[in-house]
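The whole structure should be built from the sequences, with the hints applied where relevant.
If you use the numbering used here, the sequence shown corresponds to residues 25 to 91, in order.
Be a bit skeptical, because a hint or two may be false.
Stated by the list, open to error - In silico PhoX-like pairs for lysine-lysine, Cα to Cα no more than 20 angstroms straight-line:
id, residue 1, residue 2
1, 72, 44
2, 45, 72
3, 58, 44
Derived from the structure by calculation, the hints contain no laboratory data.
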Amino acid sequence: MNGQNRSDIYPGLEVDIILKKDQRSGTLTRGFVKRLLTSAAYHSRGIKVQLDDGQVGRVAWIVDEED
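Written out as structure tokens, the structure reads:
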């Protein structure tokens with residue numbers, strides 16, 4: 025599932041994000057959401073979040089439990 029809808033994302037959720045420095049390469053960083061930074065209900069490039077380790081980026085993909 026992509027990370028464009030704020031209603032799909034919540035603290036503790038495991039996600040893949042794209043950090044600002046990785047936007048050109050598309051490198052993904054996996055982690056758990058600490059807090060949501062985008063207040064809009066939808067964002068075309070992904071909802072911006074902060075991970076537990078402090079990194080900030082836009083959600084590219086929500087990790088399924090089966091992964």
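Contradicted hints - numbers only
Nothing - there is no hint that the structure violates, so all of them hold.
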